[in-house]
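Student: In the order they appear, the protein sequences are chains L and X. Those letters in the first sequence? Residues 1 to 271, by this note's numbering. Those letters in the second sequence? Residues 1 to 247, by this note's numbering.
Be aware that a few hints might be false.
To be verified - Quick list of the computed label-pair ranges, beta carbon to beta carbon: (1) L/5 x X/95: 43 to 53 Å; (2) X/99 x L/132: 37 to 47 Å; (3) X/13 x L/164: 13 to 23 Å; (4) L/88 x X/98: 46 to 56 Å; (5) X/76 x L/71: 18 to 28 Å; (6) L/248 x X/21: 35 to 45 Å; (7) L/265 x X/14: 28 to 38 Å.
These are computed hints drawn from the structure, not numbers from a lab. Backbone N, C-alpha and C define an ideal beta-carbon position, used for all residues, glycine too.
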Amino acid sequence: MLDDFMVRAALAGIGVAFAAAPLGCFVVWRRMAYFGDATAHAAILGVALSLAFSMSIFVGSMTVALLMALTVSLLSGRGYAMDTLLGVLAHSALAFGLVAVSFISGVRIDLMAYLFGDILSVSRGDLMIIWGGAALVVSLISWRWSALLTATLNEDLAHASGIDPKREQLVLTLALAVTVAVAIKVVGVLLIAAMLIIPAAAARPLSRTPEGMAIIAGAIGMASAVLGLRGSYMFDTPTGPTIVCVTATAFLATSVIKSVRQARQGHNGRG
Amino acid sequence: MSLVQVEGLSVRYGTKTVLSHVSLHVDPGEIVTIVGPNGSGKTSLLRAIIGAVKPLKGRVTQGPGVKIGYVPQRLHIDETLPITVMRFLKLPGGVTPANINDALSQAGVPDLAGAQLSRLSGGQFQRVLLARALIGKPELLLLDEATQGLDQRGSASFYKQIEQVRQETGCAVLMISHELHVVMSASDRVVCLNGHVCCEGTPAVVASAPEYRALFGTGTGGALALYRHEHDHGHDHGDHSHTEAAE
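Build the full structure now, drawing on both the sequences and the hints.
Tutor: See the structure below:
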């Protein structure tokens, strides 16, 4: 079964969606969208370093993503204007990464694969890394779930309950770095943040509990991966972007459901 | 034995010292109110007591086995986070639904367990936060400007609820309040803070202290006058809210 590149691609997409869903919910709830972007964009610098020192791209990109995420976490409590700072870091990391890659001869052709993913070339080894990473992220988040949720609601309430919000932030930072590293092959550094944010945002109108939102986001993400893969095969479009297009369509659909529901409630309220 | 004892506490954020050599204690059953201008370190003091900020100097000691319930300033729940009151009160775990229902009744909102947190009104939300603080059956309640953003009637009824909770459970209350008329009528002791403790004592003693008058000036006189005034003309809500907005 794993001999079929389409099967491997589908499994890779599902694995990334599995990890991205619960993490993406926290990214949305904590308004960390730009933080996800900065971390993901920094990974291209990791790719360049991995190629230069011929080491595993997974390890290289995860290390740089982690360093970036830790830097941002560290700076965040210190009175910098966060959105500006993240904008500076995200885009300069991407630019430095692209320049660094250009120094390495012979990989210029491959650059697109790291920017937009190359899910159809996922090997058995990649699949093991993706699912290993996804399992790690999901178990980490499930283990810390209640503490993470409390810290997300309010840091002082967390302190009052004996939870250290900084430690929970670190858990999310770690999970983010691992997710970025496993998602590069599937959607590429430019669209990783999309896989985090869009399924979670699409799940919001359909959910009443935080757990429900994470599960629905997972379902939307996984379905999008499979549908996007089929779509890209049928229409001969780039696979990573096609997957993101499907999640965006899901977001549009649930947003419409939400406004229809609100309009109906408003109508009932008047009547 | 005091429930909580703060000794020589100094807190610094970066290069800015917000509290220096603050000492304070709360005994069982008493209501202590902290007043002070904006930026006087009131919130930092409460956050140091719950362990959210590390003191630069000094220390905070709790009596053995003393449980503290903390009600933060009105907190913002992101619209993107779907969560019911029940689920919110269960966090971070180890609480039974029966405990939660008791706490909600005590806080005066017994029917809200199934409601979405982001849909609550300001007054309901503060009561849910109060319920959260009451779940552990605390001996000491910490309230950080708990009525901020509520209108006159909402805040009066919230303080009435606190008073009722205190009568039922006998817990002590340490609160920050801007509403000087409430402070002056309900507190056993008032601590006037401005980076350090300016003065403290019974409401009458503090109100006549020169340090307090220097800080609050005519505003205090106004608030006290307002408080007396309120006994005569309880219906005159418009005036009070204007005066409060100006403070």
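Student: Hints first: check each against the structure and report whether it holds.
Tutor: The hints, checked one at a time:
Between residue 5 of chain L and residue 95 of chain X the CB atoms are about 50 Å apart, so this pair conforms to the stated range of 43 to 53 Å. For the pair residue 99 of chain X and residue 132 of chain L, the beta carbons lie near 40 Å from each other, so the given range of 37 to 47 Å is met. At roughly 18 Å, the beta-carbon separation of residue 13 of chain X and residue 164 of chain L lies within the given 13 to 23 Å, and the hint holds. For residue 88 of chain L paired with residue 98 of chain X, a C-beta distance near 52 Å keeps the hint of 46 to 56 Å intact.
A beta carbon spacing of about 27 Å between residue 76 of chain X and residue 71 of chain L agrees with the range 18 to 28 Å that was offered as a hint. Against the hinted window of 35 to 45 Å, the Cβ-Cβ separation of residue 248 of chain L and residue 21 of chain X comes to about 57 Å, which falls outside the hint. Taking the beta carbon of each, residue 265 of chain L and residue 14 of chain X are about 47 Å apart, not inside 28 to 38 Å as hinted.
In summary, the structure is inconsistent with hints 6 and 7 from the numbered list given earlier, while agreeing with the others.
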